[in-house]
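Chemist: Model the full structure from these sequences, guided by the hints.
Protein chains in written order, with this note's numbering: chain A, 1 to 422; chain B, 1 to 300.
Keep in mind that the hints were calculated from the coordinates and are not lab data. C-beta: ideal position from N, C-alpha, C; glycine also. Some hints here could point you the wrong way.
Below, simulated BS3-like cross-link-like pairs (lysine-lysine); rule was C-alpha separation at most 25 Å, straight line [claimed, not checked]:
1) A:Lys259 - B:Lys48
2) B:Lys48 - A:Lys300
3) B:Lys104 - B:Lys214
4) A:Lys258 - B:Lys48
5) A:Lys36 - B:Lys257
Computed, partial: chain B to chain A, Cβ under 8 Å [to be verified]:
6) Ser13
7) Leu118
8) Glu165
9) Asn171
10) His175
11) Gly177
12) Phe209
To spell it out: a stretch of chain B is covered by chain A in this simulated footprint if at least three of its residues, at any positions, have a beta carbon under 8 Å from a beta carbon of chain A; those stretches are [stated by the list, open to error]:
13) 21–35
14) 42–51
15) 89–99
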Amino acid sequence: MIASTNVNSELLRFTTAGSVDDGKSTLIGRLLYDSKSIYQDQYDAVKAASERRGEEGVNLALLTDGLRAEREQGITIDVAYRYFSTPKRKFIIADTPGHIQYTRNMVTGASTANVALILIDARNGVVEQTRRHAIIASLLQIPHIVVCINKMDLVDYSQEAYDAIQEQFELFAAKLDVVDVHFIPISALVGDNVVHRSKKTEWYNGPTLMYYLENVHIASDHNFIDVRFPIQYVIRPYTDEHHDYRGYAGRVAGGVIKKGDEVMLLPSGFTTRIAQIDGPRGEIEEAFPPESVTILLEDKFDLSRGDMIVRENNKPDVIQDVEVMLVWFDQTKSIQLRGKYALMHTTRSARCIVKEIRYKLNINTLHRDLEDKDIQMNDVARVVLRTTIPLFADAYRKNRITGSLILIDEGTNNTVGAGMII
Amino acid sequence: MNYNLNHLKELESESIYVMREIASQFENPVLMFSGGKDSILLVHLAYKAFFPARIPFPLLHIDTGHNFPETLKFRDDLVEKFGAKLIVGDVQEAINNGMVVEEKGFNASRNGLQTAVLLDALEQGKFNAAIGGGRRDEEKARAKERFFSHRDEFGQWDPKNQRPELWNLFNGRHHIGEHFRIFPISNWTELDVWQYLAFEEVELPSLYFSHERKVFEREGVLLADSDFILKRPEETVFTETVRCRTIGDMTCTGVWKSDAMSVQDIIMEIATTRVTERGGRTDDKRSETSMEDRKKQGYF
Ligand SMILES: Nc1nc2c(ncn2[C@@H]2O[C@H](COP(=O)(O)OP(=O)(O)O)[C@@H](O)[C@H]2O)c(=O)[nH]1
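Modeler: Below, the structure written as structure tokens:
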């Protein structure tokens, strides 16, 4: 393996989704293999396993095959993370299953992704799963979508087939909240247009998948406008040397925070200035997302976890009635109207009650069902929550950090729901 | 001004965030210190996360009694440098008082015993969050591990029943008696770790760098010769220029032929290498799914 030793590469997170057998594992194996991210012993193990299974050639799909249960069932059942790098970027793949009952995994993988990679079998075109994946990518506001039309070798690399699928997808995506969609004809098995340009698709002038992943513009995927600093932890050393040190540690969720800036503190509404910002390598002049820093204020205030530092003329919404699109995860129970749950939002913990279920969203058709309010595992619904304390929130569209929350069952402590604030 | 973090700084920021989340959500965390580069990185990141305050949790080292002598010296120096608190779980003591039984034979290893001693130490100390240096790129079974990994009251991991982890919201709520394994460097690869250690000029144990050592070969892996390991008659000892790629128990940590004298050399070596770092660990070779099996039992 010849991996990249460049220390100044960017990090790109993407999620992969496709129906079973669309070629997702093969594609990931191909990306890892062609980018030389596979070690010899891994390759040998996969080769041996392919032979044991009586397959011809080396089955690259086996590279990403994880737990024993899956090996037995022959399908992926949970989110698995893979890593590879090229001289330009380091990549984290959240590999999520295409299985129908695992919307929850897809949502999990999508929550931090810059790019959604949607796989379509060229022979089948847009199917129910494709629509579901695109809707989830749009719900979770993944900034970029790349649609790979796979198995082009099985349709004789036909441009007509490709164009028809692209048109099908665009027609449907017009109804979604997605801005940046890109199409690429590939064969994961043979390697066409994955890392190397294919000679068999002369009619296609766009980039290969790898080129796309290496160059898609992700620098502005964070919000650099609206200052949001949720306080995560208070650092008080109580040593002689740092006797009066009171640092507010956290990760910048939005905006650029500069030393000397006038800021407002929530919930108190007091204003003060930023006296000092400590980064991982000492004092810095400014901090931006997603940096973890420690902020010192000019005036002595007693802030705690869950408070937020913002700008006076640019505040988040301070709300207790929270309208969200909620994805439900609980296998055992559906959402209880008037039910009480624990809630985590930024670094703030609260309790909430489900005040109203407005509708269930059919994530295959986008149909809003106002009648059926039985929200079960993997359903998506628009609901109104009433929280015990105010949240400092933004619309999810504006900021994925201050706009997201999770619900926790207070009995089992399981994470049962994920909400995107509207 | 370009508001863009490189991948190392982004990983660093994520890990520091997780460290602070641990200190916020758990009354009694502990950092599992093995002596290897990953746990050295953890200590380094914990130090940064709480600076200028001290690291607000102790380090726990499970001493198999079969350590490279260099490891213990390095550990003690590190603890002193960061003003950290150290707890040692002693496998030899557990053998002596009959809590666990020593394996016998040529491939005898104290790895399995380590798990029992670890679980005991966690219970004794009433630790409800054990911070580990596991990385998802290490092994297939780890690829699905969460940052916050829930364990039941027997310390077992259930891969089918893990909490979904979304955005940067980590749910660490737990019942009494349950605990979490938490992996702040989940998203780092071996190369990232070395690049970062080089960038930060972190001091490392001499074992990682090329040195001369008495070794012998077993199943294609070079092992360091020591009193702790039983050699077969045909296994002859010779001197070789080697280094460790991982540091663990002397009985099962392979050493590599290498001329790497600096972290930069190591980075070049890894970037062009053809075998994963776990390829040198005989404990993983026992079966294809051995890591997964050990994890279910509560291994690191
Ligand atoms: N002909 C052809 N077969 C493919 C291609 N990609 C994947 N396959 C095959 O399709 C089957 C399913 O692929 P796999 O990667 O396991 O699909 P997954 O279920 O989406 O992970 C396997 O037999 C692959 O060899 C392709 O581009 N062309």
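Chemist: Hints first: check each against the structure and report whether it holds.
Modeler: Hints versus structure:
1. Restraint check: the Cα-Cα separation between Lys259 (chain A) and Lys48 (chain B) comes to about 20 Å, which is no more than 25 Å; the hinted pair holds.
2. Taking the CA atoms of Lys48 (chain B) and Lys300 (chain A), the gap is near 24 Å; set against the 25 Å cutoff, the hint holds.
3. For the hint pairing Lys104 (chain B) with Lys214 (chain B), the CA-to-CA distance comes to about 23 Å; that is within 25 Å, so the pair holds.
4. Taking the CA atoms of Lys258 (chain A) and Lys48 (chain B), the gap is about 21 Å. The hint holds against a cut of 25 Å.
5. Distance check on the hinted pair: Lys36 (chain A) and Lys257 (chain B) sit about 23 Å apart at the alpha-carbon level, within 25 Å; holds.
6. The criterion of a C-beta within 8 Å of any C-beta in chain A is met by Ser13 (chain B), whose closest approach is roughly 4 Å, and the hint holds.
7. Taking 8 Å as the C-beta contact cut-off toward chain A, the hint placing Leu118 (chain B) at the interface is violated, the least distance being around 22 Å.
8. A distance limit of 8 Å between C-beta atoms decides the matter here; for Glu165 (chain B) the minimum to chain A is near 6 Å, and the interface restraint holds.
9. Residue-level restraint check for Asn171 (chain B) holds (minimum Cβ-Cβ distance to chain A is 5 Å; threshold 8 Å).
10. For His175 (chain B), the shortest C-beta to C-beta distance to chain A is roughly 7 Å, which falls under 8 Å, so the interface hint holds.
11. At about 13 Å, the closest approach between the beta carbon of Gly177 (chain B) and any beta carbon in chain A exceeds 8 Å, and the interface hint on this residue is violated.
12. The criterion of a C-beta within 8 Å of any C-beta in chain A is not met by Phe209 (chain B), whose closest approach is roughly 18 Å, and the hint is violated.
13. Counting residues of the region 21–35 of chain B whose C-beta sits closer than 8 Å to any C-beta of chain A gives 3, which meets the bar of three, so the coverage hint holds.
14. Three residues within the 8 Å Cβ limit are the bar, and the region 42–51 of chain B against chain A gives 4, so the coverage statement holds.
15. A count of 0 residues in the region 89–99 of chain B with a Cβ less than 8 Å from any Cβ of chain A is obtained; the coverage claim is therefore unmet, three being the minimum.
Of the numbered hints stated above, those contradicted by the structure are hints 7, 11, 12 and 15, listed in ascending order.
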